[in-house]
Structure formats: C-alpha cells, structure tokens
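Taken in sequence, the protein lines are chains F and G. Using our numbering, you'd call the opening residue of the first sequence number 1 and step up by one each time. Using our numbering, you'd call the opening residue of the second sequence number 1001 and step up by one each time.
Hints may contain errors.
[To be verified] Below are the EDC-like pairs computed for lysine to aspartate or glutamate, each with C-alpha atoms no more than 20 Å apart in a straight line:
#1 F/LYS537 <-> F/GLU253
#2 F/LYS776 <-> F/GLU199
#3 F/LYS721 <-> G/GLU1042
#4 F/LYS192 <-> F/ASP319
#5 F/LYS665 <-> G/ASP1030
#6 F/LYS458 <-> F/ASP667
#7 G/LYS1031 <-> F/GLU141
#8 G/LYS1127 <-> F/GLU731
#9 G/LYS1127 <-> F/ASP667
#10 F/LYS402 <-> F/GLU447
#11 F/LYS415 <-> F/ASP494
#12 G/LYS1031 <-> F/GLU253
#13 F/LYS612 <-> F/GLU571
#14 G/LYS1056 <-> G/GLU1042
#15 F/LYS721 <-> G/GLU1128
#16 G/LYS1084 <-> F/GLU51
#17 F/LYS665 <-> G/GLU1123
#18 G/LYS1031 <-> F/GLU144
#19 G/LYS1002 <-> F/GLU144
#20 F/LYS665 <-> G/ASP1033
#21 G/LYS1031 <-> F/ASP62
#22 F/LYS611 <-> F/GLU571
#23 G/LYS1127 <-> F/ASP727
#24 F/LYS721 <-> F/GLU703
#25 F/LYS65 <-> G/ASP1033
#26 F/LYS181 <-> F/GLU424
#27 F/LYS402 <-> F/GLU297
#28 F/LYS65 <-> G/ASP1030
Calculated directly from the structure, the hints in this document are not laboratory data.
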Amino acid sequence: MKTETMPQKSTEKEVKQVVVSSDSGAGANPVDAFVKSGKVGSSPSHLSGREHVTGRSQFIDDIPKPRNMLYVKVLTSPVAHGIVRELDCEEARKVPGVKAVLTYRDIPGENQIGAILPDETCLAEEHVHFVGEPVAVVAAETAEIAEEAMGKIRLNIEELTPVLTIDDAVAKNQFVGPIRKIERGNVDEMLKNSPHYLEGKVVNGGQEHFYLETQSALAIPEDSGAITIYSSTQNPNEIQRMASNVLGKPQSEVTVDVKRIGGGFGGKESQATSWASIAALAAHHTGLPCLCKLDREEDMISTGKRHVFESTYRVGFDDNGKILAFDVVLCSNAGAVADASTSILERAMLHADNIYNIDNIRVIGKPCRTNLHPATAFRGFGGPQGILVIETILEIIANKLKIDPFDIRLRNIYKEGDKAHYGEPVKNVRHMETILKKLRHDSDWDERKRKVAEFNAKNKYLKKGLGVAPVKFGISFTAAHLNQAGSLVHVYFDGSVSVSHGAIEMGQEVNTKIGQIAATTLGVPLSTVRVESTNTKRVANSSPTAASSGCDLNGQAVENAAMQIHERLTEFAKTLFNVSGVRFEDGMVYAGEAGKVNYAEPLISFNELIKKAYFQRVDLTAHGFYASPGIWFDREKGVGNPFLYFVYGAGVTEVTVDTLTGQTKLDYVRILHDSGQSLNPAVDIGQIYGAYIQAYGWATTEELVYSEGGKLLSNSPATYKIPTYGDVPTEFYAELFSGSTNELGVKRSKANGEPPFIYGESVLFAIADAIASTGKYPVNLSIPATPEKVWKEFCSEAG
Amino acid sequence: MKHTITLNVNGQKYTVDVEPQEKLLDVLRDKLDITSPKKGCEMGECGACTVIMNGKAVNSCLVLAVESQDAVITTVEALHADGKLHPLQQAFIDAGAVQCGFCTPGMIMSAKALLDTNPTPTEMEIKEAIAGNFCRCTGYKPIVDAIQSAAAVMKKEGA
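Start from the sequences and build out the full structure, keeping to the hints where you can.
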C-alpha cells in the first residue's frame, strides 16, 4: 500500500548542513531545528546521554544486588597445555560461606559452548588447552570468601609441550577448521611472466579489546526452573542457546537481557558466553542469584583477542606498478578453540584484494590451532589483517618504482563493473576513486609531501612520514543465515512508543539510530520513542551485534514493524475522516485528497488518533522482520555474493618520528568516509574517530607479550598500552563523503562500525615512510610498530 | 580490625565500618550504593573510578577507605542540581563525548577537578588532567572538545 509522500525536504542537503566535518567541532555550532528533530539524517544526542553523565546508567555490576546474591570466581588453568591429574574441591567446599564448588561433572546438560564448531567446553575435563581456561567454579557469599575457597582447590596438571606459534601449528598440521582457497586467473603463469617479482611476509600482532567494562553476568533463578541472565554480551541469542545447552534446559527457560554494555568491539560476541553460562550454572545449583564478573587481569588472560596473522605472499607487477599476479597464504593464530576463527579468516580472504582489481589472484587461508587463549572477533573481523597485506605490498612497490602512494593505488583500483576475486561485482566502486582523489586534494597531499621532504632534509633526529590507507569493506555476515533480524514495536494508548530489537547498545548508538528510524517511520517525535533493553523474550533468534550490521539489520526490522502500524493507522484514518490521503509528521496527522494533503492544518494529533484506533480495536503492536536479499557464498568453491554492499573511504596520516627514541607522534589525520546517507552524522563521525585511534593503538603501542610457556605477560593496563589522550593527532579531521547513497541500506545509509578501523593502517605506512627518508629500504616493520622496533629500524643498516 | 570512619559524600555525612584494606571505591559502591565510580582495572590505571576528594581528582581504587576519614568527596551524581545538568555534563552530551558511557563519570570528574582550579585551561592542561582516564570508544577528541566548550560556558555563566 502506498502512502502519501511529503513534499520532500532534501535529506542529502540537510545532511551536508549538519556537522559532517569535524573542522567546526561537533555540537559547538548553533544548530538548526532539523539537527535536533530526531529524524533520520539529523544528529540527536545519545539516547542514554543523560543517564551516562549523571552516573545513573547501569552496567551489570551496578544493578542493585538481589537478596542473597552470590559472588562467583572461576579457577582457570595456569598452564597452556596439560592433562588434569587431580581436581579436588573438598577443602574449598568446607570454607564457611561457600555455597557451591562446581566442575564439569556438575554440568547437567552438555559441556559445550562452541557456537560455530563444537570444540569448546564450558569447564575443562581431562585436558586443559590454554592459560586461563575455566576449570572450576566457586560461588560464595562474598567475593573474598570465593577467592579464599578458590585457593583451596587442589589442581594438579601434568604439563605437555604447548604449540604457541603459527609455524609450529602448520608444521604439526593443527587447524581449527578447513584450509580454504579463493582463486581466479592463472597466478603461477603470470608470476613467471611479470616484469617485476617480489615475495615476502606480512605479520601483525594481536590486540586486546580492553572494553572498559570487564566480562560480567548476573544470573537469577526464576519460577519453575527458569533462569534470567543479565549479561554484558553482544550476543544474547548465543548465550541463551549455549547456557540452556549447558543447563540441559529448553531455550524457552533461559532469558537473556541486555540494557547496554561498557564496550564490546567484538570481544563480547562469543567471549561473553563462558561467564554467562558459568553464572547460570552456579545459579542453577544454588537456587540463588549469582554474579560472575572478571577482574581486569583475569579478563585479559582468559578471553579472546584479535588474531595474529602471518601472511606470505608472492606478487608480480609491471613498470607502472600495476599488479599482475598475487599469491598469498593467510595464516591466523586461532588459539585453542575455533570460536569465530573460520569466519574471521574468511573475511580476511575476502578482503585480500581491498580496492584493487587483480586478474590473477590466489588467496589461501589457514586457521591455526595453538595453545593460546582463543582469538576472536575484533572490529574489522579479519578485514584489517587481509587488507594489511596488499596495502603493504603497494607501499613496497611504490617505493621501489618511485611512484606516489596515491598514484599506485589509483593505477590498480577497481573500475565500475569489475568483479572481486570471489565473483561479486564491486558495486559503486566509482566512489572509491572519487574519494581518493578528493582526499588527496583536501589533505594537500602533494604539497604536504614536499614539506615533509623539506623537513626531513633539515632535521637530523626527527623525521616525518606520510601514509594513506583506503578501504572497501563488505557489509553482511559472510555466514548468510545471520543476515536476519527481528523487532517488536508497541504503540501504547497514550501514543508513546516502545521499540525492541535484537541489537546491543555498546556506545555505537544503535539505539539512537533505531529510535530515529522508528520516529521517522511513524511520524512522531523521537522524544516519544523508548528503545528497550535487548531481551530474548521480546526478540528471538537475533544475530550478534557484529559485522557493523547492528543498525542495518535491526533498523530494517524496526522499520518493517513501524511501517505495519503506520499502514494500519493510515487505513484507519482514511476511513475515519473519509479522505484518500494521510500523512503523519512530528506527532500530527495531516489529511486530504490523495496527492493534495493539506500540511497547513493538522487534522488531529497522533496521540488522539491512537486513542480512537484503540477503541476501534486496531492492532497497535507489530513484529517486524528483515532478511538481507541475495546473499550467498560457496566456501568450497570460493565464489559467491557474500556482501549486500560495500563501504568505501580513505585516510591520510602524517607522523613525526623521533629517531633516538622510536616514538611516533600523530601530526595530521584526515579521513573521508562513505556512510551513504548517514542516519546520524555526528554518531558516524564519532565512530570514525574512535576506530582510528583504536587502530592506531593496534598499529603502534598495543603489544601482547607471552611467556615461553604461553602465559600472557602484558595482562594489565600497566603493561599493555592502549591510546590515551596524549596520542590524539594535533590535527584530526573526519568528513562524511556526500556523494553516496545506498538503496540497500536502512534509509539509504551505510554501516559504519568497522570500516574506519582500516584508516589506522596509514600510521604504519607513515612511520615506514619516515624511516625510509633516511635512505633505509626496505623497512622491516610489523604491527605493532612499537618505539622499540622503530628505533631498531633507525639503528640498523640500510638493506 | 574494623575502623569506623566518617566521610562526607556529595554533601551527605556517612559513618561506616571498614576493614583496614578496604578501598574507597568499594565503600562508595558497596556500602553507600554510589555506583558512578566504576571498576575498570582496580590498579589506578584506567581512571574509571575517579572521584574528587578534598578538591583533587583521585583514583578511588587506590585510596584506602581509612584515608578518607573526614574527607569531602564528590562524585558525578552530585553535579546536576534541580534537573539542570552541569555545563560539563551538558557539553559531554552535546559534543558526542559519550559512547558506551563506562568511562564517562570518571572522565567528567577529572575534568571538573581541573576546571574548579583552572577555569581557562590550555589544551595541554586538559591533556594532563585526563591523561589518567582511558576511553576505548571515542578517540578522545570529542572529550577534549566537550571540556573546552564547558569551560567557555562556565566562564560565560561566571560559574
């Protein structure tokens, strides 16, 4: 059914007027009414902003403690690999105040929490596979008692030699899933026949998520054996599924509820499941509420991180720097269990091309099983590691052939109509070329380059460098079934609106955006819309809030539900007022002949119409659903259409590096990013800043250090350095590309969470450029380019 | 051995029994139900537990409860009055300086301690004041924008 179309204010124009560039400072400007209207395309502030700044927002540990609540502590494996010879809990059970000490033998259901591949126990049985693997659980009246009791558990493990490195795992043929391949053209032939040939290895370190709220779950027993779990998770559906599996209960008896989480970044996509299942197990056994909250060190030691990748490549290219053949083997260190490693490797393989059309390309992926903590989802989900290889290669070729970094990228870039190596047309890639050219202009790249050279000629100890990193990021879960979402929308008798959806609010303001979508679709002010907690009873079978898709998928599901109610109300109003055209706008109802709706005089308020509709028994609730169309991928053949669309963008970084200390300072950063028609430009700009700085940390200071036995030594903020304000660039500009739209995204927007992470790779290239300015080439740098590594490069002889 | 201490939090006097090893953060959260100071690391690195104690920003996880005898402590709960947000609170919302919100109370208290003694800080002074506060979401820029704009508003209001 068609509804009236309002004389359309140009959204695109409005968006441009809003603060899309940070130059003027978000929020500091006088804003026109549209900015705060709450409509899609405007930038209303954080729906929970007031709660957060007044200290009233609750995270798991802030929920008022239920009566008789127990504190749960988890004994984990101190060794990376071994056989459990003794696990004696008797002394621990005798400690006064201890209510339960549990091992795998106390699991009533299946001791299995691996969501993709069933290789992960909730509590270790005969073997332990990594340092930090949960072994036994204590539930006690206070955290101190639980701690004391944990010390009395006798755990004897016969140590086995752990496998810690990718090389070792490959040699022993240890993988968490199948080795995959994507190939087109004739790679071997072209490698032989190319005018130039290069081979090498690209290595990146892992990364700790360091969400500020550590892993936490509160499990509360309910009537008739049911359990409700409040969890800091990005994936309530998986927790519901796995906790019910562990407890041997139907999913209907386990409810998971999430109001918000204190940061996730992928680290709570599957890694929250253990702690929630353990809290639920303790609640099941004791019949009392149980809180399991990890402290920082426990969290850092036990939980998953970004994958280390070691990738070997061979590449053939011509005199112009055009790549003719590319052969790469991507090896990821998956840790001890599969977790999401197969999907992460798949995304890395699907992004090995980045923005470049390579006719002859072979990408092989090996997910290596080792005895480290699991590696897991982290913003970008393999994309950053895959892209890093080809971008590094282009940097090397550019240096070798003395081609400008922008020029070499433009010479290799996809053209509209080209297909990616897995066969999907790279739609709208023409924007990528426009973005690169505009960014080159806006960042004064050529002039900047000249000034950098001038600076370097004059300065002996400080050296400047420039780098650029573009991105084409595929949007959709590559596991096609996950591309679905549900919602539940109620309009109450007084006209206020309740919206439930399956995504998790973790600071990306998915609730703000989805509130905007509901308000815009229903034609009511955002202030009348309440976005609820995410609850498995209101929305079932939701996908994780991941793959940048939270708003894309759930926003469409909410739009679908709101549209159903909107259509019912439209029909009702037409009959009621005997008109052929009806329009809802800002809480008012306008009507008239179809195509000639009178916008001067509202007929009735939305709230009044709702009362009338209720008495006429119009259904004011709707369940919405969305499934992304046309997505498929054949893993065996390495072909398909895995992505609904692509996000494009690029970032430029200028650094100054101190040759005597190896320290890097960010002088200038400019980013141009494609958000389609942004749902909320201020939120999208905020995501870009945050992602860039997080990636800068990965690229420079965040170093994971392990003992020879495989224990994480950089296991606290004292030894693992995430960026602080001191790392923020002197000049930091992020702008949304205004030339793009997206008919496949919700309200023509594009997903925004992960793609900007790639821009941080430009830091690595800028540092390498600074080092190269001393005549040293090739530069031997890997992520993280810590001051120590950078300093060593300056010290070492030119190769 | 338990100690009985008296402290003033957000204008209210409390008398509580504490263990010698107990931290101010735990007293605030578990005994006084003031939960805006967060447990982020419990080792004085992340700043999520920052409160103002006798005019200075402190990591409440590093302050022994017994040290807070007779102390005057302010947490973010006390910043807004009569439904009106403090300029810092409003600026954090307006500038998009809040994402997940976990670091926000501590960050605002560090900023407030700065502005209370230095109403017109330079960027370098702001940088120093919040150097001990981690934020993993925002990339910090909006936070500094917020502190600068709050300083301007406070100057105008003569606050």
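Hint-by-hint comparison with the structure:
no.	hint	result
1	F/LYS537 <-> F/GLU253	holds (10 Å)
2	F/LYS776 <-> F/GLU199	holds (19 Å)
3	F/LYS721 <-> G/GLU1042	holds (16 Å)
4	F/LYS192 <-> F/ASP319	holds (15 Å)
5	F/LYS665 <-> G/ASP1030	violated (42 Å)
6	F/LYS458 <-> F/ASP667	holds (18 Å)
7	G/LYS1031 <-> F/GLU141	holds (16 Å)
8	G/LYS1127 <-> F/GLU731	holds (15 Å)
9	G/LYS1127 <-> F/ASP667	holds (16 Å)
10	F/LYS402 <-> F/GLU447	holds (17 Å)
11	F/LYS415 <-> F/ASP494	violated (54 Å)
12	G/LYS1031 <-> F/GLU253	violated (34 Å)
13	F/LYS612 <-> F/GLU571	holds (13 Å)
14	G/LYS1056 <-> G/GLU1042	holds (19 Å)
15	F/LYS721 <-> G/GLU1128	holds (17 Å)
16	G/LYS1084 <-> F/GLU51	holds (13 Å)
17	F/LYS665 <-> G/GLU1123	holds (16 Å)
18	G/LYS1031 <-> F/GLU144	holds (16 Å)
19	G/LYS1002 <-> F/GLU144	holds (16 Å)
20	F/LYS665 <-> G/ASP1033	violated (42 Å)
21	G/LYS1031 <-> F/ASP62	holds (13 Å)
22	F/LYS611 <-> F/GLU571	holds (15 Å)
23	G/LYS1127 <-> F/ASP727	holds (10 Å)
24	F/LYS721 <-> F/GLU703	holds (7 Å)
25	F/LYS65 <-> G/ASP1033	holds (10 Å)
26	F/LYS181 <-> F/GLU424	holds (16 Å)
27	F/LYS402 <-> F/GLU297	violated (47 Å)
28	F/LYS65 <-> G/ASP1030	holds (9 Å)
Violated hints, listed in ascending order, are 5, 11, 12, 20 and 27; each of the other numbered hints is respected by the structure.
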